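Top line first, the protein sequences correspond to chains U and W.
Under my numbering, think of the first position of the first sequence as 8, with each following residue one higher.
Under my numbering, think of the first position of the second sequence as 3, with each following residue one higher.
Because the hints were derived from the structure by calculation, they are not lab data.
Here the structure is a predicted model, which means the values were calculated and not measured.
Treat the hints with caution; some may be incorrect.
27 Å max Cα-Cα, derived DSS-like pairs, lysine-lysine [claimed, not checked]: (1) W:K243 x U:K280; (2) U:K83 x U:K280; (3) U:K141 x W:K25; (4) U:K280 x U:K74; (5) U:K101 x U:K83.
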Amino acid sequence: MSLELKQKPLTTPPAERAGDVRFSGGRWRRTVALKGASFTMPFFAGFVVFTVVPVIMALSKSLYTAKSSGLGFGAKTVTFSGFENFDRALHDAKFWGSLWRVALFAIVVIPLIQFTSLVLALLLDSVRRRVAGKLRIAMLVPYMSPGIVATLIWIYLYSPDVGPLTPFFKLFGIDANFYSSELIWVSVGNLMAWGSIGFNMLIVYGALQAVPRDIFDSARVDGASEWRIAWSIKVPYVRRSLVLVSILGIIGTLQIFSEPLLFRSMTPETVTKDFTPIMTIYNQAFAVGDFNYAAALSIVLALVVGLVSAIFYKLTNKAPT
Amino acid sequence: MTTTVAVRRRYDDDLPAGHHPSKTSRILIWTGLVLFLIYSVAPVWFLVVSATKSQRDLYTTNGLWFADFHLFDNVRDLFTYRDSIFLRWMANTLLYGVAGTVGMTVICVACGYALAMYQFRGRGILMGCIIASFLIPGALLTIPSFLLYTRLHIVDTPWAIIVPHFFSAFSVYLAKVYAEGAVPPELLEAARVDGAGEYRAFFTIGARLMTTGSATIFLLGFVGSWNSFFGPLVFLRGEQKWTIMLGLYSWLNIKVDQSVDLTGLVIVGAIVSLIPIVALMLSMQRYWRSGITLGSLK
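Next comes chain U alone, as it looks inside the complex:
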């Protein structure tokens, strides 16, 4: 990109250009538009290389199969296999198992997180703003923590060796093993809730601040209680941003990876190597070494995620973009 900082000779007299420029000097207009477009070139060159090309590569890779000749020695031969990989993906019980596992988790956990965020935002909205501002900062500490650090903290909190949670539950006679297969999703869900409630609450709280305050006064004059005001005025006002954040949350959760991977370090028997869809794909690519099949699985997952988002947009009747 050439940067011209020199003053350029005017192509049209200033008097004429000062008017409605759209109708003056068509050629000059076009040059301006072209230069404007040139600002976008670096981004779109990169976008093509790092987003479009990989998508195309995924599509083409998935149509081939690499097979080792003979007894697995010697070079692999790559042959065109059409939709064979997809056929295999559609019947891959482990992959679909991991997808259902995560989908079920997302459907339970995300609405719970949203509901809690909403309740907290309503609570925060009913105390003095100066106090709310101070509380809010402390409540955002989890959001500011890097995801890996948050996971590490909870891994140690859950740990029967160093964590205070196991002895705490023992006080009530509960023998809780947070790494067991019964509790692992509760453990991961709690970790996600810890990391995201504060942030979601901030968004809902922001939306609540935009509600015109006069409405509350009229409602009070009409004899509505504070609970009624919260339920009938505030909640409908923030419904749209709640739905939006929920959709994004479910889409994100279907792709959960680093949290279960870290839990796997502590409890490899419970968190298997194909515990979530992305873990299955990662395992296929980098442990098994079957990039073609991994690419096919990626596409299937992308389609599922796209379908889920599409259904949600349809249901809420409003695209988030």
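Since chain U is already given, all that's left is putting chain W on it; use the hints.
What follows is chain W alone, placed relative to chain U:
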């Protein structure tokens, strides 16, 4: 936009929206808030307390209160372990974060500015690409990106982390929204009348008016880069090139595999990686708060 309204309101009514809640309501409200406050802060408190303990006390004393104070020993151990590899990871994380995010901010702010300020053929398609790429799951891209980077010979080099970070569709979107709000088209027209070229107008007017927006984009990008895990995990092999997050993960695994116990180091390492990012976000609250609200309303 919401912030300005909130600031103005603070002066004419600091009263909460719920007029004067009854005593029971007030108790309920405060119980809820305090419980959540404890829930939010206690785990970090546990991390801080644990970081001050010796390895033995970690297993034998109450996790939520201090034992003998060993913080400085622990920090020294962290930074000297295996020829100061942690320091190396810190430097890497900082390098990838700064280099990647500076490039990203320049590229994405320029692009967002152009999308907001110019009408040109293909603009609609470009906007469509940006919106569509929000919907592309990262999962789809990782495997083919790995193959692409292998072909470009950048796997296991810092470039595999830095360069792809340049092109963030979300940052372009934010930049476009900021440009629409911050740069009046009349000002650009005036600059043109005065004979300034388009590039000059961008550097002397557009970029300057967008300082706040650019700072937000930089901050969010830097934090994202500092916290990233999947990218470095897939694209970096040699531990000399790792980031803090990847290093901590590898130490967590060592605890399981071998007889060496690195729990103490992981805890201190976690807090050392947490402090700069929390400090940065606290000091620049004004910026990222507007950024995330904008993002959520897109």
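Hint by hint, here is what the structure shows:
Restraint check for K243 (chain W) and K280 (chain U): the C-alpha separation of about 25 Å stays at or below 27 Å, so the hint holds. Only pairs whose Cα atoms come within 27 Å are accepted, and K83 (chain U) paired with K280 (chain U) is accepted, the gap being roughly 25 Å. Restraint check for K141 (chain U) and K25 (chain W): the C-alpha separation of about 22 Å stays at or below 27 Å, so the hint holds. Pair hint K280 (chain U) plus K74 (chain U) holds up; C-alpha atoms about 23 Å apart against a cutoff of 27 Å.
Only pairs whose Cα atoms come within 27 Å are accepted, and K101 (chain U) paired with K83 (chain U) is accepted, the gap being roughly 25 Å.
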